[in-house]
Structures are given as structure tokens and as C-alpha cells.
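> Here's the letter readout for the chains.
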Amino acid sequence: MSANVHSEFFIEVSGLQKRFGEQQVLRGVDLKIRRGETMVILGQSGEGKSVILKHLIGLMTPDSGSILVDGVETVGLSERQLRPIRKKVGILFQDGALFDSMTVAENVAFPLMEEGIRDLKVLLERVREVLSVVGLEEHMAKMPINISGGMRKRVALARAVVSHPQCILYDEPTAGLDPIVADSIDHLINRLEEQFQITSIVVTHDMKSMNTIADRVAILRDGKIYFLGTPDELNALEDESIQNFIHGRSHESLKANV
Amino acid sequence: MVASFRVSFMGGFFKFLGRGTLSFLSYLGQLADLVREMVVAACCGMPRLNLTGRQIVAVGFGSQTVVIVTGAFTGAVFAAQSYFKFSDLGLATGVGPVVSIAMCRELGPVLTGLMVAGRVGASMAAEIGTMKVTEQIDALRSMGVHPVDYLVMPRAIGTMISMPLLVAESIGFGLLASHVIVVYFFGVPSAWYDDQVVANTELEDISIGMIKGFAFGWLIVLISCNQGLRAKNGAVGVGQATTNAVVQSSLAILITNLFLSFILNYFFPLGSGNY
Numbered sequence: 001m002s003a004n005v006h007s008e009f010f011i012e013v014s015g016l017q018k019r020f021g022e023q024q025v026l027r028g029v030d031l032k033i034r035r036g037e038t039m040v041i042l043g044q045s046g047e048g049k050s051v052i053l054k055h056l057i058g059l060m061t062p063d064s065g066s067i068l069v070d071g072v073e074t075v076g077l078s079e080r081q082l083r084p085i086r087k088k089v090g091i092l093f094q095d096g097a098l099f100d101s102m103t104v105a106e107n108v109a110f111p112l113m114e115e116g117i118r119d120l121k122v123l124l125e126r127v128r129e130v131l132s133v134v135g136l137e138e139h140m141a142k143m144p145i146n147i148s149g150g151m152r153k154r155v156a157l158a159r160a161v162v163s164h165p166q167c168i169l170y171d172e173p174t175a176g177l178d179p180i181v182a183d184s185i186d187h188l189i190n191r192l193e194e195q196f197q198i199t200s201i202v203v204t205h206d207m208k209s210m211n212t213i214a215d216r217v218a219i220l221r222d223g224k225i226y227f228l229g230t231p232d233e234l235n236a237l238e239d240e241s242i243q244n245f246i247h248g249r250s251h252e253s254l255k256a257n258v
Numbered sequence: 001m002v003a004s005f006r007v008s009f010m011g012g013f014f015k016f017l018g019r020g021t022l023s024f025l026s027y028l029g030q031l032a033d034l035v036r037e038m039v040v041a042a043c044c045g046m047p048r049l050n051l052t053g054r055q056i057v058a059v060g061f062g063s064q065t066v067v068i069v070t071g072a073f074t075g076a077v078f079a080a081q082s083y084f085k086f087s088d089l090g091l092a093t094g095v096g097p098v099v100s101i102a103m104c105r106e107l108g109p110v111l112t113g114l115m116v117a118g119r120v121g122a123s124m125a126a127e128i129g130t131m132k133v134t135e136q137i138d139a140l141r142s143m144g145v146h147p148v149d150y151l152v153m154p155r156a157i158g159t160m161i162s163m164p165l166l167v168a169e170s171i172g173f174g175l176l177a178s179h180v181i182v183v184y185f186f187g188v189p190s191a192w193y194d195d196q197v198v199a200n201t202e203l204e205d206i207s208i209g210m211i212k213g214f215a216f217g218w219l220i221v222l223i224s225c226n227q228g229l230r231a232k233n234g235a236v237g238v239g240q241a242t243t244n245a246v247v248q249s250s251l252a253i254l255i256t257n258l259f260l261s262f263i264l265n266y267f268f269p270l271g272s273g274n275y
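Protein chains in written order, with the working numbering: chain A, 1 to 258; chain B, 1 to 275.
Since the hints were derived computationally from the structure, they do not count as laboratory data.
Just to be clear, a hint being listed does not mean it is correct.
Said to hold, decoys possible - Within a straight-line C-alpha distance of at most 25 Å, the following computed DMTMM-like cross-link-like pairs (lysine to aspartate or glutamate) qualify:
1. A/Lys87 x B/Glu37
2. B/Lys232 x A/Glu22
3. B/Lys232 x A/Glu79
4. A/Lys87 x B/Asp138
5. B/Lys232 x A/Glu233
6. A/Lys88 x B/Asp138
7. A/Lys88 x B/Glu37
8. A/Lys32 x A/Asp178
9. B/Lys85 x A/Glu233
10. B/Lys232 x A/Asp63
11. B/Lys232 x A/Asp183
As the list claims (entries may be wrong) - The following label-pair restraints were derived from C-beta to C-beta distances:
12. B/Val39 x A/Ser64: 52 to 62 Å
13. B/Tyr266 x A/Phe20: 42 to 52 Å
14. B/Pro47 x A/Thr61: 27 to 37 Å
15. B/Val77 x A/Asp100: 33 to 43 Å
16. B/Gly18 x A/Ser101: 21 to 31 Å
17. A/Met113 x B/Val77: 43 to 53 Å
18. A/Arg19 x B/Leu17: 39 to 49 Å
19. A/Met113 x B/Tyr266: 42 to 52 Å
20. A/Lys121 x B/Val77: 27 to 37 Å
21. A/Ser101 x B/Phe73: 28 to 38 Å
22. B/Phe262 x A/Ser148: 30 to 40 Å
23. B/Gly239 x A/Asp63: 52 to 62 Å
24. B/Pro47 x A/Asp100: 19 to 29 Å
To be verified - Every beta carbon over 12 Å from chain A, so not counted as near; a handful from chain B, in silico:
25. Phe5
26. Glu127
27. Met131
28. Thr134
29. Gln136
30. Ile137
31. Ser142
32. Met143
33. Gly172
34. Ser190
35. Leu203
36. Gln240
37. Leu254
Glycine residues also receive a C-beta, built at the ideal position from the N, C-alpha and C atoms.
Take these sequences, add in the hints, and give me the full structure.
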């Protein structure tokens, strides 16, 4: 389980396949994510973008394929063997997945306490610092049920970044947020990349966000990576279906324009 | 035609039987897997004293009302019914020992087990199930925290500590209530009744109740946490997990009780032991 620290890539996925019942969701995904880069994964709803994220952190087991995280093969590892890998990778879930029996501050402090930090002063300082970044310092004592969906997502983001993991997986970080907060989240992702060289993998449908944060973009289609390149290469691509996706043009609006 | 109907009926019957057996074996496998994880957690997991303390309060202190009321009213009604019949036969002195033995060996542990299965088992399955369907368990796992370490072990230790004490409490209140009924309602002399109860109740009888309580606590935790951890399909799934937890825990308690009674009676025989 020794990490290959010299590898250019923090995550290497090859031949990833996953089936749920009759539905073959992933049909051989190959993807390499460089250290410190922000990779955005795009694709229509139900294509399996979140499924890829969950595989990267071992929350799902693939039917076949290989996943190397920081040089360590994670496929086949037990829940307890995955612990060191999971310490390096944080995840922001689509719906936040905050612990509803804990306050906002307790949720954010949880990863730190699991690291063994027990000094209340240190905990409070770290929690305040990260909550002020997402603009929720004054809501520390509230329960998750008593704050809005957008605020919950920001708390979840604070919880994902508080322990400074080497890589953060974002599952639709800006969905359900107003444009200003969404923009501040994008800048936060960029800041984390610049300051701490954090590797980020972002699943999103937000094209503005994609153009702001992405170093590279992958498009998932039919269970495989259909396109991999920079945002500029994507925007310049002469592929009608991709252009329709980027500009949000449905069949109905295309027919109406004809 | 009759022959073909018979063949297809028999085929369907064996298919049903086979599926049922396989599903039961797979369920036992799930429970065995959870036990294995609990053993690993006990050996290498981080002890979580704060959470365990909270569970002792939730299971032990939180079950006070149901356990006291169940124990007291069961003891009272059992004493009254026994007295009605025994006094006809001129055996009123036998009421105390019968109530005591029944409360210690059977009614105390079984009824406490059933009440705790309803109250605590349902709550465990619902809490863990809700965490499962809202991805909170995935969030735990993503932070390197094993759900069995964090969710199951504190509940298991809390229930293991609480259940024998709850059973003892139930037995105590049952005997107290039977005393009130027999002495104050039916006029049996207090000293006589108490003397009969004390003379015919052994420490082994109370031990049997507490051992059964411990075993039933295991069953409740194992079944309810397993249901919670495997909950799916949103609110409906959580509801189903909760119902399954209560029904399966209750059935397991009743069935296990029969076998435990025979096994424990071998070690702590009641009467002559010739049966």
C-alpha cells in the first residue's frame, strides 16, 4: 500500500464498469486526473457521474476495472483498509449529507475530531475560519434542518475542506445556490487549488461554473468518457450534440427555432 | 391433467421452499457478517465512550416508564389470576413462589425484551435507516469512519449494559405489584407472602432473567442495526426497516426464549430437574 508520490496523476481510473440490475451505467471509463488540477465531469442526468465519484472514494465497488488513488489500488480493499485513502480525499455530496443530529459547527468539526483534535479552542478556530469562508459563521449553532438547502450545501463544503485533504470530489457544488453564492463557491474551489494544490474533481451541470474552475473537462456519455480536453477545446468543438448540451438546447427548443 | 397439475403444484411448492430457505440463509449470513464486523470493531475500533454513554441513557433511562409499567402490571395481574385459582384449591401460599419464578425466569425478561424491541429496536432501525437513505452513512465512510464502529458498537454496548438491569427492574416491580395485590386486595398476611417469595426464589432465578435480558439485548441490536444499515428506497424503506426490526426482534426473542429456557434450566435446574 505504499503511495507512488512521483506519479503525475493523483487518480487513475481504467476500464471502470458498473451495472445496477439490468442497467449498465459505466461501460469502461478511463480517466486520469493530474495532481493539483481541477477536472470537471459533465454529462446528462443519469449518465453515472456521481457513480464515478463514489467509486473514487470506495463508496461503491466496481464490477471490473482499476482505480489508483495516490498510487494505491483501491479496488478490492476492505472498508478499514480504505481509511488512509479516505483521509486524503474529501467529498461534497449532492444533498450535503450533513449529520442531522449535530449542529452546523459540530458537523464541520467532525472530521477534525476524527483526526484526534480535542482542544476546543483549536476546533472552534478551525471551524470559524472555514465557515467564514462560506459565509456561515453566524449560523454555527443552528441545526441543519433549520437552515436552507443552499446553506446546507455550503456547510457540507466547509466540512469537506476543513481537514485540508489532498483531493476533493464535488458532486454538483453549485446546484440549488443563487448565482452570487455559486460564484463564491467557484472562487473557493479555485483558491483551494492555488493555495493548497488540492486536486478537485467536480461533477456539475453549471456551464458558467465549468468555465470558471475547470483545468480540463471530461464528458461522460453512454458509460464512457466521450470527450477529454480543456474548456476552450470543448467550447470550440464542432460536435452538434455537445454544443446543444453546453448551451442547454433541448429537442423542443431546436424544433421551435426551425 | 391431474398429474400435470400435481407436478406443477409440487414444483411451485419446492421452488417456494427453496427460495425461502435461501433467503433465510442469506439473512443469517448478513447477521453473521455484522457480528464479524462488531468483533473486529471491538478489537481494533476506537472506543466511543461519549456515544456509548448517550446510548445507555437512551436505552436504559429512556425505557424506565415502559419497563416499570409492564413489569408492575404483569406481576399484578399474574398474582391476581393465580390467587383466584390457587385460593379455590387452598393453595394461596403458592401464589408468591409462582409469581416470583414466572417473573424471574420468563415474564420479566421476555416482556422487557418485547417492550425494548418495540421502543429501542424501532428507534435504532429508523435512525440508522434514515442516515443510510440520506447518505449520512456514506458521509461517515467517506471520512474514514466505519459505520459499525460509530453507530452499531455504542448501541450494542449501551443495550448490553442496560438490558440485564432493566430486566431486574421489571422483576422487582412485578414482585412489588404482586405483593400489593395479594396483601392489600386479597388480605393475605404480608410476612407470610414475603417469606414464601424469598424462600422459593433463588439467586439463580434472577440470574436466568438477567442472562436472558443480555441475550435479548444482543438480538435487538443485531436485528435492528442490520435492518437500518440495509435500508433503501427512501422513507418507505425506512418504514419497512423499522417494522421488520420490531417484528423480527420480537419473534427472535420469543423463539430464542424457548431454547434459552431449556439450556439455562440445565445449568440452573428448577425443581427436581427430572423431565
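> Each hint needs a verdict: does it hold in this structure or not?
Here is how each hint holds up against the structure:
1. With a CA separation close to 21 Å, the supplied pair A/Lys87 and B/Glu37 stays within the 25 Å bound.
2. Between B/Lys232 and A/Glu22 the alpha-carbon distance is near 18 Å, which keeps this suggested pair within the 25 Å criterion.
3. Between B/Lys232 and A/Glu79 the alpha-carbon distance is near 20 Å, which keeps this suggested pair within the 25 Å criterion.
4. At roughly 14 Å between alpha-carbon atoms, A/Lys87 and B/Asp138 fall within 25 Å of each other, so this suggested pair holds.
5. Among the hinted pairs, B/Lys232 with A/Glu233 is inconsistent with the structure: their alpha-carbon atoms are about 41 Å apart, more than 25 Å.
6. With a C-alpha separation of about 16 Å, the suggested pair A/Lys88 and B/Asp138 falls inside the 25 Å cut-off, and the hint holds.
7. Note on A/Lys88 and B/Glu37: the hinted pairing holds, with a Cα-Cα distance of about 24 Å set against a maximum of 25 Å.
8. Under the criterion of a C-alpha separation no larger than 25 Å, the hint pairing A/Lys32 with A/Asp178 is inconsistent with the structure, at around 32 Å.
9. Pair hint B/Lys85 plus A/Glu233 does not hold up; C-alpha atoms about 93 Å apart against a cutoff of 25 Å.
10. Among the hinted pairs, B/Lys232 with A/Asp63 is consistent with the structure: their alpha-carbon atoms are about 21 Å apart, no more than 25 Å.
11. At roughly 35 Å between alpha-carbon atoms, B/Lys232 and A/Asp183 are farther apart than 25 Å, so this suggested pair is violated.
12. Distance hint for B/Val39 and A/Ser64: a CB-CB separation of about 31 Å, inconsistent with the stated range 52 to 62 Å.
13. For the pair B/Tyr266 and A/Phe20, the supplied restraint of 42 to 52 Å holds, since their beta-carbon distance comes to about 50 Å.
14. A C-beta distance of roughly 29 Å is found between B/Pro47 and A/Thr61, which places it inside the suggested range of 27 to 37 Å.
15. B/Val77 and A/Asp100 have their C-beta atoms about 41 Å apart, which keeps the hinted 33 to 43 Å range intact.
16. At roughly 43 Å, the beta carbons of B/Gly18 and A/Ser101 sit outside the given window of 21 to 31 Å.
17. The hinted window of 43 to 53 Å between A/Met113 and B/Val77 holds, with their beta carbons roughly 50 Å apart.
18. Range check, A/Arg19 to B/Leu17: about 30 Å between beta-carbon atoms, so the 39 to 49 Å window is missed.
19. Roughly 48 Å separates the CB atoms of A/Met113 and B/Tyr266, a value that falls within the hinted 42 to 52 Å.
20. Checked against the given bound of 27 to 37 Å, the beta carbons of A/Lys121 and B/Val77, roughly 58 Å apart, lie outside it.
21. Checked against the given bound of 28 to 38 Å, the beta carbons of A/Ser101 and B/Phe73, roughly 34 Å apart, stay inside it.
22. Distance hint check: the CB atoms of B/Phe262 and A/Ser148 are about 59 Å apart, inconsistent with the given range 30 to 40 Å.
23. For the pair B/Gly239 and A/Asp63, the beta carbons lie near 31 Å from each other, so the given range of 52 to 62 Å is not met.
24. Roughly 24 Å separates the CB atoms of B/Pro47 and A/Asp100, a value that falls within the hinted 19 to 29 Å.
25. For B/Phe5, the shortest C-beta to C-beta distance to chain A comes to about 33 Å, beyond the 12 Å cut-off, and the non-interface label holds.
26. Interface exclusion of B/Glu127 from chain A breaks down, the closest Cβ pair being 8 Å apart, not more than 12 Å.
27. B/Met131, annotated as away from the interface, has a beta carbon of chain A within 12 Å; the closest lies near 8 Å.
28. Its closest Cβ contact with chain A, about 6 Å, brings B/Thr134 to no more than 12 Å, contrary to its assignment away from the interface.
29. For B/Gln136, the non-interface assignment is contradicted: its Cβ lies about 5 Å from the closest Cβ of chain A, within the 12 Å cut-off.
30. Listed as a non-interface residue, B/Ile137 fails to keep its Cβ farther than 12 Å from every Cβ of chain A; the least gap is roughly 9 Å.
31. In this structure B/Ser142 is not separated from chain A by more than 12 Å, as the shortest Cβ-Cβ distance comes to only about 5 Å.
32. At roughly 5 Å, the least C-beta separation between B/Met143 and chain A is not larger than 12 Å, which violates its mark as non-interface.
33. The Cβ of B/Gly172 lies farther than 12 Å from every Cβ of chain A, with a closest approach of about 33 Å, so its non-interface assignment holds.
34. With a least beta-carbon separation of about 49 Å from chain A, B/Ser190 lies farther than 12 Å from that chain, consistent with its non-interface assignment.
35. Against the 12 Å criterion, B/Leu203 stays outside the reach of chain A, whose nearest CB is about 41 Å from its own CB.
36. For B/Gln240, the non-interface assignment is confirmed: its Cβ lies about 19 Å from the closest Cβ of chain A, beyond the 12 Å cut-off.
37. For B/Leu254, the requirement that its beta carbon stay farther than 12 Å from each beta carbon of chain A is met, with the minimum near 32 Å.
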